[in-house]
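Based on the hints, put chain B in the right spot on chain A.
Protein chains: 2
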Amino acid sequence: MGRVAVDAMGGDHAPLEIIAGALLAAGDGHEVTLVGDEAAITPILDQLGGELPVVHASEVIGMGDHPTRSLRERPDSSIVVAADLVRDGKADAFISAGSTGAAMAAAVFRLGRLKGVQRPAIASVIPAPKPIILLDSGANPDVKPEHLVEFAVLGTVMAETYYGVDPVRVGLLNIGEEPGKGRELERVGWDQLTALDARDPLLTFVGNVEGRDLATGKIDVIVTDGYAGNIALKTAEGTISLMALSALEEIQRLDEAHRPGAMAMLEALRRRFDYEHTGGAHLLGTNGVVVISHGSSNRSAISQAIRMADEGADRGLVDRVRDRLAADLEAPRT
Amino acid sequence: MGRVAVDAMGGDHAPLEIIAGALLAAGDGHEVTLVGDEAAITPILDQLGGELPVVHASEVIGMGDHPTRSLRERPDSSIVVAADLVRDGKADAFISAGSTGAAMAAAVFRLGRLKGVQRPAIASVIPAPKPIILLDSGANPDVKPEHLVEFAVLGTVMAETYYGVDPVRVGLLNIGEEPGKGRELERVGWDQLTALDARDPLLTFVGNVEGRDLATGKIDVIVTDGYAGNIALKTAEGTISLMALSALEEIQRLDEAHRPGAMAMLEALRRRFDYEHTGGAHLLGTNGVVVISHGSSNRSAISQAIRMADEGADRGLVDRVRDRLAADLEAPRT
Numbered sequence: 001m002g003r004v005a006v007d008a009m010g011g012d013h014a015p016l017e018i019i020a021g022a023l024l025a026a027g028d029g030h031e032v033t034l035v036g037d038e039a040a041i042t043p044i045l046d047q048l049g050g051e052l053p054v055v056h057a058s059e060v061i062g063m064g065d066h067p068t069r070s071l072r073e074r075p076d077s078s079i080v081v082a083a084d085l086v087r088d089g090k091a092d093a094f095i096s097a098g099s100t101g102a103a104m105a106a107a108v109f110r111l112g113r114l115k116g117v118q119r120p121a122i123a124s125v126i127p128a129p130k131p132i133i134l135l136d137s138g139a140n141p142d143v144k145p146e147h148l149v150e151f152a153v154l155g156t157v158m159a160e161t162y163y164g165v166d167p168v169r170v171g172l173l174n175i176g177e178e179p180g181k182g183r184e185l186e187r188v189g190w191d192q193l194t195a196l197d198a199r200d201p202l203l204t205f206v207g208n209v210e211g212r213d214l215a216t217g218k219i220d221v222i223v224t225d226g227y228a229g230n231i232a233l234k235t236a237e238g239t240i241s242l243m244a245l246s247a248l249e250e251i252q253r254l255d256e257a258h259r260p261g262a263m264a265m266l267e268a269l270r271r272r273f274d275y276e277h278t279g280g281a282h283l284l285g286t287n288g289v290v291v292i293s294h295g296s297s298n299r300s301a302i303s304q305a306i307r308m309a310d311e312g313a314d315r316g317l318v319d320r321v322r323d324r325l326a327a328d329l330e331a332p333r334t
Numbered sequence: 001m002g003r004v005a006v007d008a009m010g011g012d013h014a015p016l017e018i019i020a021g022a023l024l025a026a027g028d029g030h031e032v033t034l035v036g037d038e039a040a041i042t043p044i045l046d047q048l049g050g051e052l053p054v055v056h057a058s059e060v061i062g063m064g065d066h067p068t069r070s071l072r073e074r075p076d077s078s079i080v081v082a083a084d085l086v087r088d089g090k091a092d093a094f095i096s097a098g099s100t101g102a103a104m105a106a107a108v109f110r111l112g113r114l115k116g117v118q119r120p121a122i123a124s125v126i127p128a129p130k131p132i133i134l135l136d137s138g139a140n141p142d143v144k145p146e147h148l149v150e151f152a153v154l155g156t157v158m159a160e161t162y163y164g165v166d167p168v169r170v171g172l173l174n175i176g177e178e179p180g181k182g183r184e185l186e187r188v189g190w191d192q193l194t195a196l197d198a199r200d201p202l203l204t205f206v207g208n209v210e211g212r213d214l215a216t217g218k219i220d221v222i223v224t225d226g227y228a229g230n231i232a233l234k235t236a237e238g239t240i241s242l243m244a245l246s247a248l249e250e251i252q253r254l255d256e257a258h259r260p261g262a263m264a265m266l267e268a269l270r271r272r273f274d275y276e277h278t279g280g281a282h283l284l285g286t287n288g289v290v291v292i293s294h295g296s297s298n299r300s301a302i303s304q305a306i307r308m309a310d311e312g313a314d315r316g317l318v319d320r321v322r323d324r325l326a327a328d329l330e331a332p333r334t
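Protein sequences, first through last, are from chains A and B.
Under this note's numbering, the first residue of the first sequence carries the number 1, and numbering increases by one thereafter.
Under this note's numbering, the first residue of the second sequence carries the number 1, and numbering increases by one thereafter.
Some hints here could point you the wrong way.
Just so you know, same-sequence chains aren't split out, so a pair can sit in one copy or run between any two.
[Unchecked claim] List of simulated lysine to aspartate or glutamate pairs, EDC-like, C-alpha gap at most 16 Å: (1) K130 to D166; (2) K115 to D323; (3) K115 to D319; (4) K144 to E184; (5) K130 to E249; (6) K115 to E146; (7) K130 to E160; (8) K181 to D142; (9) K181 to D65; (10) K181 to D191; (11) K144 to D191; (12) K218 to D166; (13) K115 to D328; (14) K130 to E59.
In short, the hints are calculated from the structure, not lab data.
This structure is a prediction, so every number in the text was calculated from the model and none was measured.
Just chain A, same shape as in the assembly (with noise of 0.2 Å):
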């Protein structure tokens, strides 16, 4: 197994319930180093009455903070001490579920980028009957065509890697399906994922998908902006919210006898859907293994996110898509 190294200081409710997150991951067999404060860190091992390896960080990266400054003006934060273990090799993976950004940023300067992505994102799993990747999902609000080229490259290796799927199925999140919809980037988008069809074998291109296209099972991959992309999964879970909340509603209005069952139910899909459970997101196209957890994550979500950044470590996640790279580059461009 690989050795994680956990951003203490990150998220609505750390350094609780990162800390024991990480705990529970270790209980499960996982190597874990925690990063952070040494004095806030040490009190609260002993309170939970575990022990784990703890590298002292004196600073912390807010969300409010700007990223990139925040990182040059703050060296000793937990998230960059953090993914300087992976840089260093003393780790070989990193979460935080602290500011996207800054996770983003200490990726992107402290790890590097690998050859052929100019954009790492983050890739996010759709718990679908077959998972979905949507990427990027929140790491790049801007981007241009060849962004989602890359993107299209990066989920379709975790495509693989996680689930084992060959020929990768790559929508691109559109308004409508047929070719010339949306907006420009759409337009250049769709002719450019075109020719990677074309070239690479590993994918087929299946055109323009639209939301609903989520329960349809006719892709594996979707790409898209990381403003869409993020409003897309947040609208996913503000519609999960709201059904959950109308589901409570209408068990009120159900005979008495029909109760249990629909509360059974409601349950079930609770435990399916719950995002704070699902752990994180990798981030793809860095020199390391990087999973972003969920601001308001959990102790339960931070052990997951751990499993998931171990997993993407034990699976060579980062050679993979080193690899892909290479050989995307040195094949014909259509």
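Chain B alone, transformed into the frame defined by chain A:
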């Protein structure tokens, strides 16, 4: 009640389901005129055993046709003739389940835009416990910050007109809550919406909102560009389908005793969230009441859309928008 012109030729299930929906609405007392190919419509009316006035139109604009070009080339298409009935005062509203682009083009070029509106927008209603109006949900893929201000005004009038909300809470769809998040559109839009809030006593700009705010009850109107709005809306639809599929799977895993209750709840949620039964969405900002229906609309959805169009005419939606825009244009801009 108002007189509603119905494009009988637009939609995946036209003309049969459109005509059947029109008959349903007429049965409820709505005054409906069908517009389209008489030779196609009359036998269906006979088959369904109903009578409705028909205005003949010899052409149809399809889903794949270029909207504005088709409008010029096919002046006798059903959507153009339906729009002209409104322009000429022979109907008070029109509805179409055909190409959104063509309906939008017909509305803009045949009815005209209201003074102060550069970009008419589609206002969709999200069935939260307190309904939320989302615009633009697909008419304008690319917009400028000042168009977000127009959308805020249009959505506010609709929230007042339909739901009696006062003051209307308007949010800007974004990828984080803090000002400064998002693309240039959102950063500049945030400033302009803040200025609108200062000069317009009837609305409150609550700042950036995320997809998950669909369930928090903190907003009445969400503004965004037509690309992101459409993605959000269809992702919500896709998520609902995905949850319904998942619910069916989970029901198989429940104790047999719990299954009837679970099925009853699933049915209740289906009724509540089935977008095929929500009817349609108002196109706001043109000089007439226009309702755009989902392409997959069945007869029930069409009858709902007719009811919606009639309600818009009845409540003076267009005059209210016109008055509000005039007041806004006269107000000092801060």
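Structure-based check of each hint:
1. K130 to D166: within (13 Å within a copy, 44 Å between copies)
2. K115 to D323: within (10 Å within a copy, 58 Å between copies)
3. K115 to D319: Intra 12 Å, inter 59 Å, cutoff 16 Å: intra-copy only.
4. K144 to E184: both (9 Å within a copy, 15 Å between copies)
5. K130 to E249: between (30 Å within a copy, 13 Å between copies)
6. K115 to E146: within (14 Å within a copy, 40 Å between copies)
7. K130 to E160: Within one copy, since 13 Å is at most 16 Å while 43 Å is not.
8. K181 to D142: between (18 Å within a copy, 12 Å between copies)
9. K181 to D65: So K181 and D65 pass the 16 Å test across copies only (12 Å; inside, 37 Å).
10. K181 to D191: within (12 Å within a copy, 30 Å between copies)
11. K144 to D191: within (13 Å within a copy, 26 Å between copies)
12. K218 to D166: within (13 Å within a copy, 44 Å between copies)
13. K115 to D328: Answer is within: at 11 Å inside a copy they meet the 16 Å cutoff, but 53 Å across does not.
14. K130 to E59: neither (41 Å within a copy, 43 Å between copies)
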